[in-house]
Amino acid sequence: MKYELVAGFETHVELSTKTKIFCSCTTAFGGDPNTHCCPVCIGLPGTLPKQNEKVVEYAIMAGLATNCEIAEIAKMDRKNYCYPDLPKAYQISQYDKPLCEHGYIELSNGRRIRILRIHIEEDAGKLIHNHGDTYVDYNRGGVPLIEIVTEPDFRSIDEAKEYVERLQQIMRCIGVSDCRMQEGSMRCDVNISVRPEGSDKLGTRTEIKNMNSITNIAKAMEYEYERQCDLIESGGAVVQETLRYDDATGTTSSMRSKEDAHDYRYFREPDLVTIAVPRERVKEIEARLPELPEQKLRRYIEEYDIPEKDAALLTRYRSISEYFDKASEGLKAPKTASNFIIGQIFRRLETEADKEAFEVKTSAEQLGEMCRLLESGKLKNNLAKKTLEQMLDTGKSVTDFISESDMAGLDDATLTEYCQNAINAMSAAVNDYKSGKEKALMAILGNVMKQSRGRADAAAVTKKLKELIG
Amino acid sequence: MGQIKRIHEMLVSGEITCTELTQKYLNEIENSNKELNAYITVTPEVALAQAKAVDEKLARGEEIGMLEGIPMTLKDNISTKGIPTTCASKILTGYKPIYDATVYELLLKEGVVMLGKTNMDEFAMGSSCETSYYGGAKNPHNTDHVAGGSSGGVASAVGANLAVYGLGSDTGGSIRQPAAFCGIVGLKPTYGAVSRYGLIAYASSFDQIGPITHDVEDAAIVFDAIAKYDDRDSTSQGSEPTLPTLYDDIKGKKIGIANQYLKDVREDVKAAVLDAAKVYESMGAEIVYFDLPELDFALPCYYILAMAEASSNLGRYDGIRYGYKAEHYNGTHDMICRTRSEGFGKEVQRRILMGTYVLSAGYYDAYYKKAVNLRGAIVEAFDRAFEKVDVILAPTAPVTAFKNGYLFGEETDQLEQYLSDICTVPVNTAGLPGVSIPCGADSEGLPIGMQLIGKKFDEKTILNLAYQYEQAEHKTIETKWGVKL
Chain A
0 MKYELVAGFE THVELSTKTK IFCSCTTAFG GDPNTHCCPV CIGLPGTLPK QNEKVVEYAI
60 MAGLATNCEI AEIAKMDRKN YCYPDLPKAY QISQYDKPLC EHGYIELSNG RRIRILRIHI
120 EEDAGKLIHN HGDTYVDYNR GGVPLIEIVT EPDFRSIDEA KEYVERLQQI MRCIGVSDCR
180 MQEGSMRCDV NISVRPEGSD KLGTRTEIKN MNSITNIAKA MEYEYERQCD LIESGGAVVQ
240 ETLRYDDATG TTSSMRSKED AHDYRYFREP DLVTIAVPRE RVKEIEARLP ELPEQKLRRY
300 IEEYDIPEKD AALLTRYRSI SEYFDKASEG LKAPKTASNF IIGQIFRRLE TEADKEAFEV
360 KTSAEQLGEM CRLLESGKLK NNLAKKTLEQ MLDTGKSVTD FISESDMAGL DDATLTEYCQ
420 NAINAMSAAV NDYKSGKEKA LMAILGNVMK QSRGRADAAA VTKKLKELIG
Chain B
0 MGQIKRIHEM LVSGEITCTE LTQKYLNEIE NSNKELNAYI TVTPEVALAQ AKAVDEKLAR
60 GEEIGMLEGI PMTLKDNIST KGIPTTCASK ILTGYKPIYD ATVYELLLKE GVVMLGKTNM
120 DEFAMGSSCE TSYYGGAKNP HNTDHVAGGS SGGVASAVGA NLAVYGLGSD TGGSIRQPAA
180 FCGIVGLKPT YGAVSRYGLI AYASSFDQIG PITHDVEDAA IVFDAIAKYD DRDSTSQGSE
240 PTLPTLYDDI KGKKIGIANQ YLKDVREDVK AAVLDAAKVY ESMGAEIVYF DLPELDFALP
300 CYYILAMAEA SSNLGRYDGI RYGYKAEHYN GTHDMICRTR SEGFGKEVQR RILMGTYVLS
360 AGYYDAYYKK AVNLRGAIVE AFDRAFEKVD VILAPTAPVT AFKNGYLFGE ETDQLEQYLS
420 DICTVPVNTA GLPGVSIPCG ADSEGLPIGM QLIGKKFDEK TILNLAYQYE QAEHKTIETK
480 WGVKL
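In order, the protein sequences belong to chains A and B. Counting in numbering that gives the first Met the number 0, the first sequence tops out at residue 469, every number present. Counting in numbering that gives the first Met the number 0, the second sequence tops out at residue 484, every number present.
What the hints contain is simulated information worked out from the structure, not anything from laboratory work. Every value quoted in this text rests on a predicted model; they were computed, and no experiment measured them. One should not assume that every hint holds.
Claimed, not checked - Taking lysine-lysine and the DSBU-like style, the derived pairs with C-alpha atoms no more than 35 angstroms apart in a straight line are: (1) A:Lys-49 / B:Lys-369; (2) A:Lys-257 / B:Lys-227; (3) B:Lys-277 / B:Lys-108; (4) B:Lys-262 / B:Lys-252; (5) B:Lys-402 / A:Lys-74; (6) A:Lys-208 / B:Lys-454; (7) B:Lys-227 / A:Lys-74; (8) A:Lys-78 / B:Lys-80; (9) B:Lys-324 / B:Lys-250; (10) B:Lys-368 / A:Lys-125; (11) B:Lys-89 / B:Lys-253; (12) B:Lys-479 / A:Lys-49; (13) B:Lys-345 / A:Lys-74; (14) B:Lys-324 / A:Lys-125; (15) B:Lys-253 / A:Lys-96; (16) A:Lys-53 / B:Lys-80; (17) A:Lys-49 / B:Lys-474; (18) A:Lys-17 / B:Lys-402; (19) B:Lys-227 / B:Lys-402; (20) A:Lys-78 / B:Lys-479; (21) A:Lys-96 / B:Lys-33; (22) A:Lys-96 / B:Lys-479; (23) B:Lys-368 / A:Lys-200; (24) A:Lys-96 / B:Lys-277; (25) B:Lys-262 / A:Lys-74; (26) A:Lys-49 / B:Lys-227; (27) A:Lys-125 / B:Lys-95.
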C-alpha cells in the first residue's frame, strides 16, 4: 500500500532584540557562562519580569509577514515544569491568548501551509555536562523566542524543506531573527504521521526533536516516514511519543511516551499585565515592514524578467536582495545587475555563511555604475566581465579600468574612416549586401570592430555603414 | 502627636542622638527577643552605621527628613542586599540577596535605621507566625498567645517597642490580623500601590507590602514614602499621598457595615466594632447596613488562587542555586525532591500540594477557573457597595490572639486556621486597601482590632477615618516591653 506523509511544524525562532524578554541583559550569543545574567533572568526570589515591548513588536512583525491576525488583547501565562535550566521552575509563555493566529505561508507549488499561532516566550538556560558533572549556564535564559505552530499541512519532505527556507527568508528579511539553525537561533520540531493514500483520517503522530539543519530535518522525516510505514505494513501500530533525532546514525529514538507527557499547569502570569495591541499600532508596524521575500521574488520575475532560479537566489538573504536593489536602481534592465551577481559575485562566495554576510569589495553603487556604463554603450559587453573581476579583486571603480577614449567611444571622423576602409576592402560583401543579403553587413561590421580593437559601438557602426553604402 | 513625629523632634532638638536611640532599641531587642522571638536576624552594624550618618548630618546642621534616623524593621520576606532573607524557612538557609527590594531602597533614600529582619509564618503561609522554621513570635500583651500572622514578627516588635515601625506583607490578612492581635495599626495598601519588587512571593496577585505602626499618623507617613510607581513591577502604580487629608473632618462620610462580616465573629469582637460605629455616628458620619452575599465565597476563592500561585512561585527552591540543599541524594531529581521535602515545613508543603492539585489537568475547570470567575464577582460586589458608601467597617479577625499552639493542636480542625482569615481575605481578593486599628480588648486584656476598607487607591479616606477614631478613643494599650522614651 502507498502511504501519504502528514506533518506539522513547531518552530522556535530566537528574536534578535538587543535585550532579553523580561530584563535588560544582553541577548548576545556566547559569552562566558552566567555573564549575561541578572537577578531577574536567574529568577532570584522576589524579582519580577518586565515586558520588553520590542519583543511584542517583533512578534507582530512576524505575524504580519506570515499573514496572521494580530490579537487586540494578549496575555502571558506560566508553563510550570521543573528542570535545572529553568530557574523559576516555570517558563513565561502564552497559552490561550497568543499574539498572532490564523496565518499562512504559500509554497511554490501553490499550497498554503496554515499557521495556527505565533506566541512569545522566554528561552531556558543550557546544561553543560563535563566529566560526570553538570553545570548550568543561564546566559540564554530569558532570550526572547517566538514559537510558530503550523497545522498538519505538509504532504512531502520537499514542502517541509521549502517551508523552513521560506520561514528563514521572511524572518531575516523583516529583521527579527538571523534564524541560524546551527547556533540554535532557529529550532524545528516536526509532528509526523502517515496514512493510506486517499484517506482523510489522521494517523497517530510522533514528534521529532533535535534537528539542527534543513538536511537533518529532511533525513529525520525520511527515516521516520519509512519507520512508520514499515511498522504499519508489518501489522504494528505507531505509538504517540517524542523522538530524538541522532545526527550520527541518522535514526530516531524515543525520548518520552505520551504517558510521560508533562502537565504544565498553565495559568495566567500574575506578575505581568495584559498586552493590549491597538489597531493603530498594528497599522503603524505594518507600514514599516520591508518588502517581503515573496513580494520581492514576484517583482524580480515579473517586472525585471529575471529567471525564477536567479530570483530565488537573490531573495535568499536580505543582504543580497538589498545589494541587488541598490545596484539595479535606475537601470533600464535590472537583470544586467542580477546576471553579474549570480554569474560572477556568487562564485566568489563559497559557504552559506559567506552568502549571508555578502561581503564583497565592490559596492552595490559601483556595480550599478558599471551596469549604467554598459547600458549607455560606454562600456563594451566583451570587456564587462573582465572589468568586474578586476573591480572585485581591488574594490576600485569601473572608471579605473577603462580609459578616457573607451569611455568617450570613437569620434565620428574616426568611425567614418574605419567604415570607409572596410567598404573599400570588402567589395564582395558590399555587393552581397546591396543584393539583399542582410547578413553580409555583419562581416563588414567585424572588420570595423577589428580596426577599432573592440572600442566601436556595434549599433553606431551599423548605422554608419548603412549610410555610406546607401 | 504620632510616634514618628515625636522621635523626629527629639532627634532634631538634640534631646537624643540617633546613635543613642538606635542603641536603646538594640539593647531592648537583646533583652526581650529571646522571649518574644520577634526578630530572626538583628543587624546592629547596619543600624549603627545608618545612625552615625544621621548624627553626622545633624552635626553639620543639615535638615533631616521625617523618617530619617527612625529605627525600623522589615519582615524577613523583603529582600535586603547582603543581609539574610529567610522567609522563616529552612529552605532559604544561608541565602543573602544580591539586591535590595524597592521598598527598602526607597526607605534607604529616606535615611532610615534598619534594626533587623523579623519573624513570620514560613513563606507568609499562616495566621499565627507558628509555621516559622524559627518558632513563632509571641504577643507582647501576653506571651502565652501568638502575635498573629503571618507578619507576626513585625507586629510583635512594633507592639513591644522593639522597633518604631515595620514593613510587613499582606496576602490574606498578614498585616492587619497580627496588627489587630498586637493592638497596633496595620495598613494593607491597594494592590499595585506599593512595589512588590524584592518581596519574596507567596501569591503574586494578592501580595502587598504595607506598614505596621503604633498609630495612624505613622502609617500615613510610612505609606506615603513607599507608595511610589516602580518600573520594575508591572503591576505597580503608586498612590496618592494620604497625609494632606489625614486630619480632615469626617462629617458626612458614609460608613457601610456588611452583615456578612459580623456573622462568624465572636460576640465581644462584634460589640467592639458596633461601638466604634456609634463613635463614628457621634462624629457626624452615617452608618449604612447592607448585604454582601459574595463574601461567603471569598475564603475558598482566596485559598484556591493563592495556593495555585504559591505552588508555582515556590517551584524555584530546588537546592541548585541558593539556600538549603539536601546532604544525601542520588542524582538531580532525587536532590530536588529531598531538598524540598526537608527544606519546606508542613504547612508550605500542604499549600504547594493543594495548589498543584487545583491547577492540574482535569481539576483546573472545577477549581482554578471557578475561583477566577468568583474573584471577578467579588470585585464587582465591592464596586457596587462603594457606589453607596465611602468605606466599609468590619472586624479584622473573628477572635483575639490565639493561645500558642492552638491552631496546630490535636483537637483543632485544620480548617480553623483558614477560617480565621475570613474577615481579611475579601480585601486581598478584590485588591482593596484596608487598615486595622485597635478598638478595644477582650476579658483577658487582649486587643481587638477593626478594619476600615476603602475603594482602590483611596488609602487617604480610610486613614483619615482611622485617624479620627484613634484620636477620639485612644484604644491603644501599653505593654511592659521595649524602649520607653
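Quick rundown of the hints versus the structure:
no.	hint	result
1	A:Lys-49 / B:Lys-369	28 angstroms, holds
2	A:Lys-257 / B:Lys-227	49 angstroms, violated
3	B:Lys-277 / B:Lys-108	42 angstroms, violated
4	B:Lys-262 / B:Lys-252	25 angstroms, holds
5	B:Lys-402 / A:Lys-74	45 angstroms, violated
6	A:Lys-208 / B:Lys-454	52 angstroms, violated
7	B:Lys-227 / A:Lys-74	25 angstroms, holds
8	A:Lys-78 / B:Lys-80	30 angstroms, holds
9	B:Lys-324 / B:Lys-250	59 angstroms, violated
10	B:Lys-368 / A:Lys-125	34 angstroms, holds
11	B:Lys-89 / B:Lys-253	47 angstroms, violated
12	B:Lys-479 / A:Lys-49	47 angstroms, violated
13	B:Lys-345 / A:Lys-74	34 angstroms, holds
14	B:Lys-324 / A:Lys-125	21 angstroms, holds
15	B:Lys-253 / A:Lys-96	42 angstroms, violated
16	A:Lys-53 / B:Lys-80	31 angstroms, holds
17	A:Lys-49 / B:Lys-474	44 angstroms, violated
18	A:Lys-17 / B:Lys-402	57 angstroms, violated
19	B:Lys-227 / B:Lys-402	38 angstroms, violated
20	A:Lys-78 / B:Lys-479	51 angstroms, violated
21	A:Lys-96 / B:Lys-33	53 angstroms, violated
22	A:Lys-96 / B:Lys-479	58 angstroms, violated
23	B:Lys-368 / A:Lys-200	33 angstroms, holds
24	A:Lys-96 / B:Lys-277	51 angstroms, violated
25	B:Lys-262 / A:Lys-74	39 angstroms, violated
26	A:Lys-49 / B:Lys-227	17 angstroms, holds
27	A:Lys-125 / B:Lys-95	25 angstroms, holds
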